[in-house]
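Student: So you can see what is in the structure, the chains are spelled out below.
Protein chains: 2
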Amino acid sequence: MTKPLSFQQVILRLQDFWAERGCLIWQPYSEKVGAGTMNPATVLRVLGPEPWNVAYVEPSYRPDDGRYGDNPNRMQMHTQFQVILKPDPGNPQEQYLESLYAIGIEHEKHDIRFVEDNWESPALGAWGLGWEIWLDGLEITQFTYFQQAGGYALDPVSVEITYGLERIVMFLQDVRAVWDIDWDGTRTYGDVLLQPEIEHCRYDFELADVDRLTQMYDLFEAEAKSCLEGGLIIPAHDYILRCSHTFNVLDSRGAIGVTERATYFRRMRDLARQVAVAYAEQRQRMEYPWIEEETANRKSQISSLQSHSPESPSTFLLEIGTEELPAGDLDDVLSQLREIVPSRLDEARLDYGLLRVLGTPRRLAVLVEGLAPRQRPVEELVKGPPTRVAFDSAGDPTKAAEGFARKFGLGVRDLEVREIDGGEYVVAVNREEGLPTVEVLPALLPELIAGLRFGKSMRWNASGVAFSRPVRWLVALLGDAVIPFQYAGLTSGRTSRSSRPQDSVAFEIARADEYLSLLAEREIVVNPEERRAIITEQATKLAASVGGTIPADPKLLDEVTNLVEQPTGLLGHFEEEYLKLPAAVLVAVMKKHQRCFPVVDGDGSLMPHFVVIRNGGEEHIDSVRHGNEEVIRARFADADFFYGEDIKKSLEDFLPRLDTLTFQEQLGSMLDKARRLENLVPQLAEMLGLNAEETQIVQRAAHLCKADLATQMVVEMTSLQGVMGREYALKSGEDEAVAQAIYEHYLPRSAGDASPESKPGLVVGLANRLDSLAGLFAVGLAPTGSSDPYGLRRDALSVVQNLLAHELPFSVQAGLEAAAALMPVQVSQESLAAALEFVVERLRGTLREEGSAYDAVDAVLVARGDDPFRAREAVEQLTAWVARDDWSRILENYARCVRITRDLGERYELEPDRFQQPAEEALYAAYQAARGQVTPHSSVDEFLTAFVPLVDVIDAYFARESGVLVMDEDADLRQNRLAQLQHIAALAEGIVDLSRLEGF
Amino acid sequence: MTKPLSFQQVILRLQDFWAERGCLIWQPYSEKVGAGTMNPATVLRVLGPEPWNVAYVEPSYRPDDGRYGDNPNRMQMHTQFQVILKPDPGNPQEQYLESLYAIGIEHEKHDIRFVEDNWESPALGAWGLGWEIWLDGLEITQFTYFQQAGGYALDPVSVEITYGLERIVMFLQDVRAVWDIDWDGTRTYGDVLLQPEIEHCRYDFELADVDRLTQMYDLFEAEAKSCLEGGLIIPAHDYILRCSHTFNVLDSRGAIGVTERATYFRRMRDLARQVAVAYAEQRQRMEYPWIEEETANRKSQISSLQSHSPESPSTFLLEIGTEELPAGDLDDVLSQLREIVPSRLDEARLDYGLLRVLGTPRRLAVLVEGLAPRQRPVEELVKGPPTRVAFDSAGDPTKAAEGFARKFGLGVRDLEVREIDGGEYVVAVNREEGLPTVEVLPALLPELIAGLRFGKSMRWNASGVAFSRPVRWLVALLGDAVIPFQYAGLTSGRTSRSSRPQDSVAFEIARADEYLSLLAEREIVVNPEERRAIITEQATKLAASVGGTIPADPKLLDEVTNLVEQPTGLLGHFEEEYLKLPAAVLVAVMKKHQRCFPVVDGDGSLMPHFVVIRNGGEEHIDSVRHGNEEVIRARFADADFFYGEDIKKSLEDFLPRLDTLTFQEQLGSMLDKARRLENLVPQLAEMLGLNAEETQIVQRAAHLCKADLATQMVVEMTSLQGVMGREYALKSGEDEAVAQAIYEHYLPRSAGDASPESKPGLVVGLANRLDSLAGLFAVGLAPTGSSDPYGLRRDALSVVQNLLAHELPFSVQAGLEAAAALMPVQVSQESLAAALEFVVERLRGTLREEGSAYDAVDAVLVARGDDPFRAREAVEQLTAWVARDDWSRILENYARCVRITRDLGERYELEPDRFQQPAEEALYAAYQAARGQVTPHSSVDEFLTAFVPLVDVIDAYFARESGVLVMDEDADLRQNRLAQLQHIAALAEGIVDLSRLEGF
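So the sequences go chain by chain: V and S.
The first sequence begins at 1 in this note's numbering and counts up by one.
The second sequence begins at 10001 in this note's numbering and counts up by one.
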């Protein structure tokens, strides 16, 4: 084994590599930047139409990541190697992989993955799509196609490759702490950078003078503005960078409150955008001096050869070769294809046999057996005269037939006889023969692809086409014939590519029906179901080999299935000592960072093993395992470090720091929110009838419930919120019930997750969500369409779900009102009503998903939607009543009272002394009996049970023989009778609106 | 010819080169720095004992150098490539030359010179000695041995190599503007950096908000201090860098007044030193982790073999091989050797024949013919008993003789008889035979070398030895024998080195007497006289080849002689168009930047040619010529640019900018000084009797005389002050006499230079110098020992020289008083007296250099030293009187009056009515006659002519027969007589003090 490259050798090699590939080698910037992206060589040069290829080192400062040099991987300064390729050269991933080769990472010996990771910087008005790149599980690079910057849609798109140099070199040198990196053969990374690291941390976290830095910020900003006014772009940018770094230091010092944070961001964003605009305009004024004449108009030509048309049904293959699709997008697009392809073929009158939609992260395939060689023909019939008119008795055509035939340019013999609507007619048949399939598909296929939609799509080349990730090849074959078409600057053909572990080599597909066997030869499992099965089987087997099992985790399984083409499981191990960490932490680490499966023993306890599904075969699997184990170890070491740091303080000690975490700009910090919850919970506890002991627990839990958000562990992995809260509460000596309530207040965290078991957990969670709903609706942040950044749908659903689970009556409206009263902003009645309605809608969905009839649900929710538990009870009761044989009579008689009165503008007064008929008297007596049993809080059962005696009485009342004419000409009499019916109708008020029922 | 390297390729190659030589490759700093030196990788790492080898690129920001991108070579940002080698590897120059090879500069094809250039940063408490490195006349690199930093003497010394990348790449690519540099094969330097350059210039010169930047500075400084208090070194350093850059921008904005400047510098210096101290202490506390055990105790052993000792007188050679000595040091050290070597040989009793001291910038040689093989013997005599006691009458030794002999371990026969002081004694002769020369020299030689002294000397290696520049080899041969000794970590031997153009290859010297022929074979002209003659001859011949001559310039010739070992002249040409520039400018450019000789035609007008003396032979002389021509062209283009910029404004327009140029902190800016001169000149003009017209000219000239200091041309080349003032005054339409006075006020600029011809020039110059003398003495900056930073010696001398030249009486004291009255500081009488005395001393020197007797000069200067012209007149007259035959009688009689009275503590009153003797009456009458003709303003002639009649009278008065006893017992009588003599003695007051004369 040769000596691995030193830190500086890696840099030198990368510079050489990219220089040879046409990149300008640039230098780190003369200001402290958070990332190479902030260097003008990226953030400005990606704007506008001019080409730009550049590579440079960028020491990147992120004060908040500082750990005083105590952490082996986390520093306030790390070193990026930044590459910008503009425009997309067409093979940036391949170039990147070659660059790894250049520094000694032979990718065929490792498991290299492109895992979805998108980038967004609202501050720069910028976003892009791409991946984080994993090397045996270690994230070593960010790879992004910039879509927008400075608020400009980028054209052309730039490819940004950001190498994490320390990570890469640690991997190469197989060292476990960044400080141990060999820099130059003599000095280590720690030799030259540890002391500055410690000093910067002490400065950033402890010593920086908040007042002075705030003043600096203002001065920098003022200079930036004045530079912008003077048209000076680079000086303005320099000052923005200083603003940004100063802000970061202030933030590390814990000096940025919530309102300030938002204000600072807005200020920086405004300036950054102005700089971008000014730069873009400047280049335009300079008439884009770097734009060269297109050296060749390289628009590829579709072969003009007509594809040979098969004569019998053939297999059709469409393969769309892509760069790695995000797991979610792959699922989405496969279901779209399953829907769209059949319908498009049908519309195109193309018959077919078995249709399969398959896919991996790098290819989408539609495989259709028995596709007809031509479209089905179509006939158009024009009805002529009846047969008896068209033919004489001798059976010869009449003039009428001849005239009809002539009209369509037909001979009489061409007419056919058809039976139409029971009569016989002659008809002219206009038959259109179908086109050959080879002529239909070239138009159909690009339209089909263009019709695919993604949550986020991107452009990458001059075609301007948008897709989930770049499309790099197209295969379209009908039998052995290529179906030629163009899409996204590509021309379809018969050339596919093997998997990344097999170096993505091109191979030819002679005939569509060879497709599956060709892929199988290359060990690509193109069928997602098959992949899932293989993964499950392998993981199970590997776990079993150490006497363990893999806990079910369908979401993880789905994701992993979509991350590989060639799944091969491997069993990794880690040091048992880490098992002392909370299991939730370990599992979160494994899932978040490596999408690997935990292994548990018979008791469900974690074992010191994990299963990784690599992309590739068994080759070099030991080094892949080693790499993954190193990553897990490093991540566990991180977690251990965070845990160790966190438990140095009590949970309560973290509370003040919540002041620096924004809940929402107008609604204040998380500390503000926590304080509101503390005020809200006693009211809710009372409403829910908690006892004094429970209320005390609730109170304490509310006080602490958000504190873990400020712990290092939760900052690192948000998914552990609540889990760590419970853990740290226990470590801090809090009551177990308090700890449990802290944990439970986030439950359920997702569909299928459990509700809190304890009442305190229920109450704190309720408070948390009511606060969010009342507050966020008040400031205009109700969810719209697909946008629900604060997860209010889940909040509302959880309110419903938890109240149902606990079977506790509770007025959501009252809860919202109580929460609203604590808000720092004015909460309008409209917004409160909207919030309530939003919860009721979730309840409606829940009840209907439980199988209740929509009309019964509607009938109940109108009346008591704000109390989920009582609403469900009402729906159940109502459902039982509706099932009764006599229901229609009960409903009908109630309806009689309602129908005749519901359009009245007012409620009339009932004056019993004006009754004229015995039926009125009888009804009144019956009504009074019922009224005595029913209040607006009565259940549906109570109401209906009380109502049943009225049924006959109402029936009699309305019978002609009763002598009662409600709509009497005498107005007083009429109004008195209407009043009586109004009273009866009103018996249901607050209980159920039977008018919503079918049959009413 | 292969394609020259691109800008980035040069960087990549240099990184590779130095990485391979053990340098850690570092990155540019994350702050704006003025030079790579400011990067902590230099400024801090050079401190302390730990080894450190590093190389990095450093974009260096110097706002004041910005030219809006209009200048082809001058930018506010340029790119340095910085190398630090600590400790000195022993061959840093050779490594550097190899690095040039690595980027395509084959040094044997060029003329590469190491030209003295020292570096000092009082702000960093740092200095070093070294060179600027010329490539065919182009300065491409600074090469410095750091001696001190942060106030610490550095041990070990670091070698700092700072490549000017743009210069080097322009040379390689043969482009004339930095903007045309090919950066990467596609983009030019201008493509990526011109626009930022322009914007930074606009910001630095026009837009930066002075108030805000001043606030920033204060905030940065406060943070730096607080970091230092907290022990945070790197954060403190970062803030100091920000202070420094902010200061530079403020300075470019013209916002730094004189007092502020000094204050800012002090503030920055204090902080920088504190950082250095803190860093040094930190490393000490860390126990210098990078210090390795000495891998081998490599102290070289002197061969223990005894040198074979010659039997007859032999040639001795000592060659001290050095890195390039500064021209001045070479002269100095050669004269020291010429003095020291003979005296040391004499002291060592070593006889010798012809002794030659020779030298080039790279070798000092002492060549001694006929050096005796042994020291001269010495005898010690011990006197014994007289002969008569030692020998009996029979001539046999007595007991006394035997005892004496025994005492010295001798036999009686060994005693000798010597005559001592007229007596005969036996003596014991203790004869010490001389040691062999080979045994004497090993101790003598290192002492001899160690005794050499330099204006500035440096250390470079662990020996701690100080020398002008590092000593790299030692040759010491007596005949064919090596004289072994150690010095500066080297051991002497017989190996010398050829010249740089011949690649410094080692060669052996078998015998000392081969030395000259071996050097001659290698074309090294080791004799400075011979080099000077060759240079003169070649330059003359080359000039003649275009019909021109070389104006005499002995200083330049001396310097050039000391810059080469192998002089070869070449004739270069430049575009005639540049001849439109003032000749003084062209000459200054040629001398300053390339030490080349201008060529003039028969009228003394410059021709478009110049002569360069390269180091090396005729090989590749065309490329050397081309290089030099390019440099001259670029320099002329610069000058042309500066000239063009300057004449866009009138001379007067530059005045306000003088406010930013410090004269002296307490005495204010150059603008303050100019204003003082304006106020002073009318007084001086009156004192010197100028007419109204002249006075008007003086007034205007004083107003403008300093304005050119703010022009780009003078900022660039200070030696052109006055010259450009005249030029620009004329361009601005000023009166010719005003322009001339501006020019002349600096005359004479050096020994041998002319005095002003015009009275206005004289007066403005006088004002300028009186202001300096009065002011600088007042603030305690009188010259001391060798320190005269403000050139006050020259000022004082010029005052004298000019007044003498113009033959104008003038009271320097009155002038100084007038100047003092205008000072912003209190001027004490003591400082004024000291300033006057300082001028008088220069006058004394001048008069004595002119040949006047010291006593005559002293006699005059005591009386009227403050008026140079009248003093010289007096000396001349006195000299003539002294030559008279009757002078001794005149002097004697005057002396009689003085001697008897001069020790009296008081002046007595003369009362003529108390006279008792006729001689008294007669003396009084004669005195009165003389007194009537003499005043303190009389000339020496007038005084002595008036005194002559008194001679006989005095003689008679003192004759016994006169009856006058001066020291009469009657006190009144005595005092009256003394009073009379006091009056006579006082006749000379203010004119001459004859008591200073010899024979008085």
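Derived by calculation from the structure, the hints in this document are not laboratory data.
Some hints here could point you the wrong way.
[What the hints assert, rightly or not] Sample of chain S residues at the chain V side, in silico, Cβ under 7 Å:
| # | residue |
| --- | --- |
| 1 | L10005 |
| 2 | Q10008 |
| 3 | Q10027 |
| 4 | S10030 |
| 5 | K10032 |
| 6 | G10034 |
| 7 | D10184 |
| 8 | R10187 |
| 9 | L10194 |
| 10 | P10196 |
| 11 | E10199 |
| 12 | Y10203 |
| 13 | V10210 |
| 14 | T10214 |
| 15 | E10223 |
Given the structure is predicted, the values throughout are model-derived calculations rather than measurements.
Note that CB positions come from ideal geometry on N, CA and C, so glycine has one too.
Student: Now, for every hint given, state plainly whether the structure supports it.
Tutor: We went through each hint and held it up to the structure:
1. L10005: violated (11 Å)
2. Q10008: Because about 4 Å separates Q10008 of chain S from the closest Cβ in chain V, which is inside the 7 Å limit, the hint holds.
3. Q10027: holds (5 Å)
4. S10030: Holds, about 5 Å.
5. K10032: With Cβ-Cβ at 5 Å, under 7 Å, it holds.
6. G10034: Because about 11 Å separates G10034 of chain S from the closest Cβ in chain V, which is outside the 7 Å limit, the hint is violated.
7. D10184: holds (4 Å)
8. R10187: Cβ of R10187 of chain S sits 6 Å from chain V, so the hint holds.
9. L10194: Violated, about 10 Å.
10. P10196: OK, holds: P10196 of chain S within 7 Å of chain V, min 4 Å.
11. E10199: With a minimum Cβ separation of about 4 Å from chain V (threshold 7 Å), the hint on E10199 of chain S holds.
12. Y10203: Check passed: Cβ of Y10203 of chain S comes within 4 Å of chain V, closer than 7 Å.
13. V10210: violated (11 Å)
14. T10214: violated (10 Å)
15. E10223: Holds, because the Cβ-Cβ distance from E10223 of chain S to chain V comes to roughly 6 Å (cut-off 7 Å).
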